[in-house]
Amino acid sequence: MSERTLEFRDALREAMSQEMRANKRVFLLGEEVAEYDGAYKVSRGMLEEFGPQRIIDTPISESGFAGMAIGAAMMGLRPIVEFMSWSFSLVAADPILNNAPKMLYMSGGQFGCPIVFRGNDGAGGQLGSTHSWCVEGMYSNVPGLKMAIPAFADDAKGLLTTAIRDDDPVFFLESERLLALKGHVPEGEHLVPFGQALVRRSGDDVTIVSFGRPVHFCLEAAEALEAEGISCEVIDGRTIRPLDLDTIVRSVKKTNACVVVDQSWSFGSPGSEIAAQIHQACFDDLDNHVMRVHSADVPTPYAWNLEQEYLPNARRIAEAVRSALYVA
Amino acid sequence: MPITTAFQTEIQRVSILDEHGQFDAELGDGLISNDDLVRLYEDMALCRKLDEVAFKLQRSGRMGTYPQNMGQEATSLGAAYVLNQDDWLVTCYRENCGLFHRGLPPEKILLHWMGDERGNHIDPELCVTPIAVPIGTQMLHATGLAWASKYRNESRIACTFFGDGATSEGDFHEAMNFAANLDIPVVFFCQNNHWAISVPGHIQCSAPTVAQRALAYGMDTIQCDGNDLFAVVHCMKTATEHARKEGRPFFIEGVTYRLGDHTTADDARRYRDQDEVDLWTERDPIVRIREHMKSLKIWDDSKEAQLAERVEEETSAIVQRAEGIEAPNDDDFFTSMYADLPADLRRQMDTRRTSSIGEDPSQIENPQTA
Chain A
1 MSERTLEFRD ALREAMSQEM RANKRVFLLG EEVAEYDGAY KVSRGMLEEF
51 GPQRIIDTPI SESGFAGMAI GAAMMGLRPI VEFMSWSFSL VAADPILNNA
101 PKMLYMSGGQ FGCPIVFRGN DGAGGQLGST HSWCVEGMYS NVPGLKMAIP
151 AFADDAKGLL TTAIRDDDPV FFLESERLLA LKGHVPEGEH LVPFGQALVR
201 RSGDDVTIVS FGRPVHFCLE AAEALEAEGI SCEVIDGRTI RPLDLDTIVR
251 SVKKTNACVV VDQSWSFGSP GSEIAAQIHQ ACFDDLDNHV MRVHSADVPT
301 PYAWNLEQEY LPNARRIAEA VRSALYVA
Chain B
1001 MPITTAFQTE IQRVSILDEH GQFDAELGDG LISNDDLVRL YEDMALCRKL
1051 DEVAFKLQRS GRMGTYPQNM GQEATSLGAA YVLNQDDWLV TCYRENCGLF
1101 HRGLPPEKIL LHWMGDERGN HIDPELCVTP IAVPIGTQML HATGLAWASK
1151 YRNESRIACT FFGDGATSEG DFHEAMNFAA NLDIPVVFFC QNNHWAISVP
1201 GHIQCSAPTV AQRALAYGMD TIQCDGNDLF AVVHCMKTAT EHARKEGRPF
1251 FIEGVTYRLG DHTTADDARR YRDQDEVDLW TERDPIVRIR EHMKSLKIWD
1301 DSKEAQLAER VEEETSAIVQ RAEGIEAPND DDFFTSMYAD LPADLRRQMD
1351 TRRTSSIGED PSQIENPQTA
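Protein chains in written order, with the working numbering: chain A, 1 to 328; chain B, 1001 to 1370.
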């Protein structure tokens, strides 16, 4: 078996290219995705292979191309819409929140919207507050959409392939900070089903649940806590909608303690939803209430050191774990 | 010569049959056959009658908010008449006449406004999109539909309708910009009915015409008397030919007037003068065609009386069909949420609890694996 490694960004491209080779209905559009290879080089070389009919440079007009993709999807195509950053999707709120996830429902089941909206999500590294949105908190509130958020290169390919084949609108959240991360990525067809969380590290004392980039901070914290004699089980949720609660509940019933780590703001977030659901499902199993680690309730700071402290990080996660286990 | 003219143009306005019965034979002859004219007139009569009936249904509590089409029948009708049956007709919510002409069962419109999503489950053969209420979103969908048609090497085009108010929306400008820059065959049809609820047209657009907005995008454009079915048909022929042959978008401003309230939740008397309404009542598109048909000796009072009777019967049958449909099942609101119902939503459906996953741990698969 091949142990080929790829960068996260190349894994994303491989998923798109393989699906585009297999299905002529799939195409990619967005700002600078063609001639410039994408602002983050995710679509490098795709224009050359697929031509300008299928790799389309758009005007700077997020609402425009998101809305247009809905029309194209209604006529049977399967658009992949790249937002240079999910932060820029805010100006496309009407098509992505008010049209795409509701079209099937509002047409009495006639028009589905098999669109993948994808792009960079979360703090990038001193991009400033307006370019650092974690949209999972806001957008996961909307029924009718699915949301995937890979943390590793193999999942980037596997989840994106699943997203492209999915018949519903999928919000696909990539972290700019992970794009250069290398990992083993299977060649050929690779599908990771939605709604299946993965135990990244087994442990007995506490369950740490996260998704996307913070999974790495959780693993870092788990490593450090091991030295203190605390055994952490780290679960990578992989998709927020649908949410695999069963895997989380199984783990919490074993460890009797839980920390949820979510890079969104805490109020009305996936983290608060997961905590609430765990409390309901595992009330008698918990030795402490579920702890949550979120970004601070302020706009993303511009200063490097403040940004690091603002985000969930290994130190803050470890503190939450100790607190959950009553370790001083 | 330090200052030269970089660009100069004019906006053409088309009028063929005016409110005084003046008919421009040069442009109008042969545009609509007499048989077709009678059929189109009958479409308008049905639409007008259904408007009246729908208004009463709302007032008697049998239907939700309803936007009347009164006075604007000729625009969408002329468009639907010229378009091919497989061209996309992408409307907002005041295009009943064109939709009926296309073949949409009128009870679908009533069902929609009665609050039944099945009103928007439309036979795919009709190539009609669901009613779009958010203002302007459908222009982008139309651009996407036409783009998909081009992508698939089909000759189908899209025609989208919107009001003067929608031309202030970003979606309008983004759709226009896209269609023009990416060569997408869409006909943008603005029904300039002078009022966006209570906001007069000059608040939306301070240029003398809405049509000239298209020039900024390098798009061909024309204005017509939107209450003149002949003028609408003439412009639509120009527009569709341009879209098909050149693969380019085209803009039509149909100048018309909303004779009724914005919707049944509005009272237009509060913000516009009766004189203005009276003036436009004289320009009624239906009266104009009726008088023209009489002058052609293809219509008379007895035919009018027969039509009135037929339309009366037909509208009651439409209302009966709309009201006769069984109420949606409680489970129905889950069934069209996703292509396949996800497990968590299925649990909600089965238990009727929004947080049902946690309320009964026995529902969780393998809860005791520890």
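Among the hints, a few may not be true.
Stated by the list, open to error - Okay, the calculated bits of chain B under chain A, using three or more residues with CB under 8 Å as the criterion:
no.	stretch
1	1040 to 1050
2	1113 to 1125
3	1141 to 1148
4	1241 to 1253
To be verified - Cβ-to-Cβ under 8 Å is the rule here; a few derived chain B residues that face chain A:
no.	residue
5	Gly1103
6	Pro1130
7	Pro1134
8	Asn1153
9	Ser1168
10	Asp1171
11	Phe1172
12	Asp1331
13	Thr1335
Calculated from the structure, these hints are not laboratory results.
Idealized CB from N, CA, C, for every residue including glycine.
Cross-check of the supplied hints:
Only residues whose C-beta sits within less than 8 Å of a C-beta in chain A count toward coverage, and the stretch 1040 to 1050 of chain B has 0 of them, not enough to reach three; the restraint is violated. A count of 7 residues in the stretch 1113 to 1125 of chain B with a Cβ less than 8 Å from any Cβ of chain A is obtained; the coverage claim is therefore met, three being the minimum. Under the rule that three or more residues need a Cβ within less than 8 Å of chain A, the assignment of the stretch 1141 to 1148 of chain B holds, with 8 such residues. With 0 residues carrying a beta carbon less than 8 Å from a beta carbon of chain A, the stretch 1241 to 1253 of chain B misses the three-residue requirement, and the given coverage is violated.
Given the 8 Å rule on beta carbons, the hint for Gly1103/B is violated: about 16 Å separates it from the nearest Cβ of chain A. Because the closest C-beta pair between Pro1130/B and chain A is about 5 Å apart, less than 8 Å, the hint holds. Here the hint on Pro1134/B is kept, as its CB sits about 6 Å from the closest CB of chain A, short of 8 Å. For Asn1153/B, the interface hint is violated, since its Cβ never comes within 8 Å of a Cβ in chain A; the closest pair sits about 10 Å apart.
Annotation: interface hint on Ser1168/B violated; nearest CB of chain A at approximately 14 Å, more than 8 Å. The beta carbon of Asp1171/B is positioned within 8 Å of a beta carbon in chain A (closest approach about 6 Å), and the interface hint is therefore held. Annotation: interface hint on Phe1172/B violated; nearest CB of chain A at approximately 10 Å, more than 8 Å. Annotation: Asp1331/B was flagged as interfacial toward chain A, and the flag is violated, the nearest CB pair being 13 Å apart, outside 8 Å.
Interface restraint check for Thr1335/B: the shortest CB-CB distance to chain A comes to about 7 Å, inside 8 Å, so the restraint holds.
Checked against the numbered hints listed earlier, the structure breaks hints 1, 4, 5, 8, 9, 11, 12; every other hint is satisfied.
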